[in-house]
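Peer 1: Per this note's numbering, the very first residue in the sequence shown carries number 15; after that it's consecutive.
Don't read these hints as lab results, they were simulated from the structure. Just so it is clear, the structure is predicted and the values come from calculations on it, not from any experiment. Note that the Cβ used here is the ideal one computed from N, Cα and C, for glycine as well. Accuracy of the hints is not assured; some may be wrong.
Here are the computed distance ranges between Cβ atoms for each label pair [stated by the list, open to error]: (1) GLN36 / ARG684: 54 to 62 angstroms; (2) GLU122 / TYR523: 22 to 30 angstroms; (3) LYS552 / MET111: 49 to 57 angstroms; (4) LYS193 / GLY532: 54 to 62 angstroms; (5) ASN325 / PHE202: 30 to 38 angstroms; (6) LYS120 / LYS193: 21 to 29 angstroms.
Below, in silico cross-link-like pairs of lysine-lysine (DSBU-like), each with a Cα-Cα straight-line distance of 30 angstroms or less [claimed, not checked]: (7) LYS155 / LYS70; (8) LYS594 / LYS660; (9) LYS55 / LYS193; (10) LYS76 / LYS323; (11) LYS671 / LYS706; (12) LYS594 / LYS193; (13) LYS49 / LYS209; (14) LYS323 / LYS95; (15) LYS248 / LYS323; (16) LYS20 / LYS42; (17) LYS544 / LYS609; (18) LYS283 / LYS273; (19) LYS672 / LYS706; (20) LYS572 / LYS520.
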Amino acid sequence: MSEVMKVTEIFGENVFNDAVMQERLPKKVYRELKKTIQEGKELETSIADVVAHEMKEWAIEKGATHYSHWFQPLTGATAEKHDAFISAPKQDGKVLMEFSGKELVKGEPDASSFPSGGLRATFEARGYTAWDCTSPAFVKKDAEGNGAILYIPTAFCSYNGEALDQKTPLLRSMEAIDKEAMRLLRLFGNTTSSKVIPSVGAEQEYFLVDREKYLKRKDLVFTGRTLFGAMPPKGQELDDHYFGAIRERIAAFMKDVNKELWKLGVSAKTQHNEVAPAQHELAPIYAQCNVAVDHNQLVMETLKQVAYKHNLQCLLHEKPFAGVNGSGKHNNWSLTTDDGINLLDPGKTPHDNIQFLLVLTCVLRAVDRHAKLLRESAADVGNDQRLGANEAPPAIISVFLGEQLEDVLEQLISTGEATHSLKGERLHTGVSTLPDFTKDATDRNRTSPFAFTGNKFEFRMVGSRDSVAAPNVILNTIVAEAFSEACDYLEAAEDFDRGVHDLIKKYAYEHQRIVFSGNGYSDEWVEEAKRRGLPNLKTMVDAIPALVEEESVEVFEKFGVFTRAELESRAEIKYEAYAKAVNIEARAMIDIASKHIIPAVITYITSLAKSINEVRQACAVAVIDVQEELLTQSSNLLAETKNALKELEKVTEEAAKKEEGMEQACFFERHVVPAMEHLRRPVDQLEMIVDKNIWPMPSYGDLLFEV
Numbered sequence: 015m016s017e018v019m020k021v022t023e024i025f026g027e028n029v030f031n032d033a034v035m036q037e038r039l040p041k042k043v044y045r046e047l048k049k050t051i052q053e054g055k056e057l058e059t060s061i062a063d064v065v066a067h068e069m070k071e072w073a074i075e076k077g078a079t080h081y082s083h084w085f086q087p088l089t090g091a092t093a094e095k096h097d098a099f100i101s102a103p104k105q106d107g108k109v110l111m112e113f114s115g116k117e118l119v120k121g122e123p124d125a126s127s128f129p130s131g132g133l134r135a136t137f138e139a140r141g142y143t144a145w146d147c148t149s150p151a152f153v154k155k156d157a158e159g160n161g162a163i164l165y166i167p168t169a170f171c172s173y174n175g176e177a178l179d180q181k182t183p184l185l186r187s188m189e190a191i192d193k194e195a196m197r198l199l200r201l202f203g204n205t206t207s208s209k210v211i212p213s214v215g216a217e218q219e220y221f222l223v224d225r226e227k228y229l230k231r232k233d234l235v236f237t238g239r240t241l242f243g244a245m246p247p248k249g250q251e252l253d254d255h256y257f258g259a260i261r262e263r264i265a266a267f268m269k270d271v272n273k274e275l276w277k278l279g280v281s282a283k284t285q286h287n288e289v290a291p292a293q294h295e296l297a298p299i300y301a302q303c304n305v306a307v308d309h310n311q312l313v314m315e316t317l318k319q320v321a322y323k324h325n326l327q328c329l330l331h332e333k334p335f336a337g338v339n340g341s342g343k344h345n346n347w348s349l350t351t352d353d354g355i356n357l358l359d360p361g362k363t364p365h366d367n368i369q370f371l372l373v374l375t376c377v378l379r380a381v382d383r384h385a386k387l388l389r390e391s392a393a394d395v396g397n398d399q400r401l402g403a404n405e406a407p408p409a410i411i412s413v414f415l416g417e418q419l420e421d422v423l424e425q426l427i428s429t430g431e432a433t434h435s436l437k438g439e440r441l442h443t444g445v446s447t448l449p450d451f452t453k454d455a456t457d458r459n460r461t462s463p464f465a466f467t468g469n470k471f472e473f474r475m476v477g478s479r480d481s482v483a484a485p486n487v488i489l490n491t492i493v494a495e496a497f498s499e500a501c502d503y504l505e506a507a508e509d510f511d512r513g514v515h516d517l518i519k520k521y522a523y524e525h526q527r528i529v530f531s532g533n534g535y536s537d538e539w540v541e542e543a544k545r546r547g548l549p550n551l552k553t554m555v556d557a558i559p560a561l562v563e564e565e566s567v568e569v570f571e572k573f574g575v576f577t578r579a580e581l582e583s584r585a586e587i588k589y590e591a592y593a594k595a596v597n598i599e600a601r602a603m604i605d606i607a608s609k610h611i612i613p614a615v616i617t618y619i620t621s622l623a624k625s626i627n628e629v630r631q632a633c634a635v636a637v638i639d640v641q642e643e644l645l646t647q648s649s650n651l652l653a654e655t656k657n658a659l660k661e662l663e664k665v666t667e668e669a670a671k672k673e674e675g676m677e678q679a680c681f682f683e684r685h686v687v688p689a690m691e692h693l694r695r696p697v698d699q700l701e702m703i704v705d706k707n708i709w710p711m712p713s714y715g716d717l718l719f720e721v
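Using the sequences and the hints given, assemble the complete structure.
Peer 2: Rendered as structure tokens:
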């Protein structure tokens, strides 16, 4: 049997997908369930009972003994509680395997210990999970392949209905953009499409290091990144790792990752080495927005689980190593109708594709007006160290359209009409045996945070650990607002064609400042962006207030995506998350420096001093300038380390006394983070001096090149 046949056989084998439902459900039940999925109708209890029974029977055949409502609380991870299918024992002591429609549709995990940002008091424990029937259930087996769990994707909300998760606002935003995009399509005469669905493809970057070496790095264990570490002689400067031959150990890991993901219906497609040593990327095929979010969570979980089996450690932190590229996640976003029309497809002649031009300028309007919100959706502690370096987009939001679309917009702005589109020319390689072919009408720009790439927008700022739910909630909502305003205008216009033309020109002119095609990494762009009035929110703490600005509250409440209380709670959660993360890093640095680094340096200095004395005794005229210089240098750096350690201890203690929330987060950013950097500098210099056999943890070279 060929390898291709094996892939087609295993793909989705552990998913309760449409094919399985068609096969196992009575026709009437299947039709009602599909109607619920497609039209958002409420599922009748009688239908839910039948679906639950067949789902249970299917899962048991796969080896499942338990089921779990799988949800995404505001912790940055997924959550699950396992319940067995067994019922209460009968008089004869035997049990039945049961699973009702009520158990399928609704769960009740304890909500008191999840972040709520003040929405729930500690003593208010009740929370609910509700089945997201548009994202299929799946079975995951344990590491040994014996027991299995049925996972049911759900939303998670409080007793009062407030969203306590990533999924609930995402589904709300999908409904909002569907409604407004359908209004727009109807105005253009589309009577066949019945739904507009945001589609997402989330490219995932990650590092792989040897697990035994990882366990010797307490900073990696505690925080996910190296808090200390000197650069090895070689980094990424030769660009030889990027798209290079994949090492055998890594290839075996990737093969197992693909296999596990394919079984779960995740269409993992592309894999390659990334720029930094030990860094890699995995990209799936596009999926419906909420399904893509679920799939990306499965990708991250699978990467970590499979790495463990290969005695590797998968690092998903945005900046695990200083001095080499960090990891991000490219969120590719587009809008597609249920009958296959991509609203972001410009066609061969975008200058006369009026519907596309209106959609495009609406997106520009949305991103320009809500740039701070979009930036906030990528705000993360780890991203503070990644964004703006020569590896990731700057913290300034701009849009890259490419030469073809920029030219069309320029025509609209300058003359009021777009009469032509730039065409892709023939690519001539100069080699007779290589074919000439038509190249794209525009190049790509890897420095742009929000780039148009043919028939989609690629949002490149998202952190590698983060859920892609947040940026898609923002994109769906702000574009829904732009569509809504355009529809309001056009529905009232006396001349539709004239109205569309005027609106496209108006939006292109008013929001041209957000369009930028140059080098986003340059200092010149920072100055140019400032001149244009574009926000530059450099840190997570700078970005969080965007959530609760009046304009943000207004747009979210208008489309029912967030209430003011939900937004305020999320801001509070993010401030607390920032403070807690930096506090853990600071305490880890204090612990490692005190218990490991300083004792190791003292050992080295002592041995060096003994060596100097012994040489002097053996030969009074021997030259010991080198030893003395090393002794002086390392002693001075040790003193600098101790002073920096004291300062870090002091400001960390002060931070703990600040009021939780914005005040504490700001203190950590302004005082603790700089103190951490001051401690790192002398320690990294000492690593270059102290004997490798004495240094208490594996070096960057050990971690990055010995995989």
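Peer 1: Each hint: holds or not?
Peer 2: Hint check results:
Our hint of 54 to 62 angstroms for GLN36 and ARG684 holds, since their Cβ atoms are close to 59 angstroms apart. For the pair GLU122 and TYR523, the supplied restraint of 22 to 30 angstroms is violated, since their beta-carbon distance comes to about 53 angstroms. Range check, LYS552 to MET111: about 55 angstroms between beta-carbon atoms, so the 49 to 57 angstroms window is met. The beta-carbon spacing between LYS193 and GLY532, approximately 37 angstroms, falls outside the hinted interval of 54 to 62 angstroms.
Evaluation of the 30 to 38 angstroms hint for ASN325 and PHE202 yields a failure: the beta carbon distance comes to about 57 angstroms. For the pair LYS120 and LYS193, the beta carbons lie near 26 angstroms from each other, so the given range of 21 to 29 angstroms is met. At most 30 angstroms may separate the alpha-carbon atoms for a hinted pair to count; LYS155 and LYS70 meet this at roughly 15 angstroms. Between LYS594 and LYS660, the direct Cα distance comes to roughly 20 angstroms. Compliance with the 30 angstroms bound is thereby established for this hinted pair.
Note on LYS55 and LYS193: the hinted pairing holds, with a Cα-Cα distance of about 15 angstroms set against a maximum of 30 angstroms. This hinted pair checks out: LYS76 and LYS323 have alpha carbons roughly 22 angstroms apart, not beyond 30 angstroms. Taking the CA atoms of LYS671 and LYS706, the gap is about 39 angstroms. The hint is violated against a cut of 30 angstroms. With a CA separation close to 39 angstroms, the supplied pair LYS594 and LYS193 exceeds the 30 angstroms bound.
Distance hint between LYS49 and LYS209 is fulfilled; the C-alpha atoms sit about 13 angstroms from each other, no more than 30 angstroms. At most 30 angstroms may separate the alpha-carbon atoms for a hinted pair to count; LYS323 and LYS95 meet this at roughly 24 angstroms. At roughly 29 angstroms between alpha-carbon atoms, LYS248 and LYS323 fall within 30 angstroms of each other, so this suggested pair holds. For the hint linking LYS20 to LYS42, the alpha-carbon distance of about 33 angstroms lies beyond 30 angstroms, and the restraint is violated.
Simply put, LYS544 and LYS609 have alpha-carbon atoms about 46 angstroms apart, too far for the 30 angstroms limit, and the pair is violated. About 11 angstroms separates the Cα atoms of LYS283 and LYS273, which keeps this hinted pair within 30 angstroms; it holds. Between LYS672 and LYS706 the alpha-carbon distance is near 40 angstroms, which puts this suggested pair outside the 30 angstroms criterion. The suggested pairing of LYS572 with LYS520 holds, with an alpha-carbon distance near 24 angstroms, which does not exceed 30 angstroms.
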